[in-house]
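Residue numbers (the working numbering), protein chains in the order written: chain B, 64 to 132; chain V, 64 to 132.
One or more hints might be untrue.
Identical chains blur together in the list; that is why a pair holds if it fits in one copy or across any two.
As the list claims (entries may be wrong) - When the alpha-carbon atoms are kept at most 20 Å apart in a straight line, the in silico EDC-like pairs for lysine to aspartate or glutamate are as follows: (1) Lys84 - Glu105; (2) Lys124 - Asp106; (3) Lys124 - Glu105; (4) Lys108 - Glu91; (5) Lys125 - Asp76; (6) Lys81 - Glu105; (7) Lys81 - Glu117; (8) Lys81 - Glu91; (9) Lys125 - Asp113; (10) Lys125 - Glu105; (11) Lys124 - Asp113; (12) Lys84 - Asp113; (13) Lys125 - Glu91.
Quick caveat, the hints were computed from the structure, so don't treat them as lab data.
There are 2 protein chains.
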Amino acid sequence: QELRCQCIQTHSDLISPKFIKHVQLIPEGVHCSRKEIIVTLEDGKLICLDPNAEWVMIIIKKIINSAPN
Amino acid sequence: QELRCQCIQTHSDLISPKFIKHVQLIPEGVHCSRKEIIVTLEDGKLICLDPNAEWVMIIIKKIINSAPN
Chain B
64 QELRCQCIQT HSDLISPKFI KHVQLIPEGV HCSRKEIIVT LEDGKLICLD
114 PNAEWVMIII KKIINSAPN
Chain V
64 QELRCQCIQT HSDLISPKFI KHVQLIPEGV HCSRKEIIVT LEDGKLICLD
114 PNAEWVMIII KKIINSAPN
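Please model the entire structure based on the sequences and the hints provided.
Right under this line is the structure:
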């Protein structure tokens, strides 16, 4: 019995990392049987990304590997 | 002038994805001049991970690429 997933649909258009304020990766768990990726944009908007979309992984790598740090 | 970073120190020991409730990726921005990775553990504890540590990227990939979805 699926308790509660936060994402109702996922955003399919490409988003530039520069508009992303932060990214939440939520592994599947007791509360939801699928993993979810929730992005907060600079304007405060919350959107869900498809964990299976290749460009999503690319964006996450860009955020983590971006210089400087 | 660095406004406010959330992480004071980073956790260096390896953490298994199964103890991770969710992961926050915060790119550097106006509020903080370095990127931060904040993990919420199943027990509710919040810890910061080092964005430059290789194992951190491996864990993030595991979370995203883990079946089923």
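Evaluated hints:
| no. | hint | in the structure |
| --- | --- | --- |
| 1 | Lys84 - Glu105 | within (5 Å within a copy, 24 Å between copies) |
| 2 | Lys124 - Asp106 | neither (22 Å within a copy, 27 Å between copies) |
| 3 | Lys124 - Glu105 | within (19 Å within a copy, 24 Å between copies) |
| 4 | Lys108 - Glu91 | between (23 Å within a copy, 18 Å between copies) |
| 5 | Lys125 - Asp76 | within (17 Å within a copy, 24 Å between copies) |
| 6 | Lys81 - Glu105 | within (8 Å within a copy, 30 Å between copies) |
| 7 | Lys81 - Glu117 | within (18 Å within a copy, 23 Å between copies) |
| 8 | Lys81 - Glu91 | between (27 Å within a copy, 10 Å between copies) |
| 9 | Lys125 - Asp113 | both (17 Å within a copy, 15 Å between copies) |
| 10 | Lys125 - Glu105 | within (17 Å within a copy, 27 Å between copies) |
| 11 | Lys124 - Asp113 | both (15 Å within a copy, 14 Å between copies) |
| 12 | Lys84 - Asp113 | both (18 Å within a copy, 18 Å between copies) |
| 13 | Lys125 - Glu91 | between (23 Å within a copy, 12 Å between copies) |
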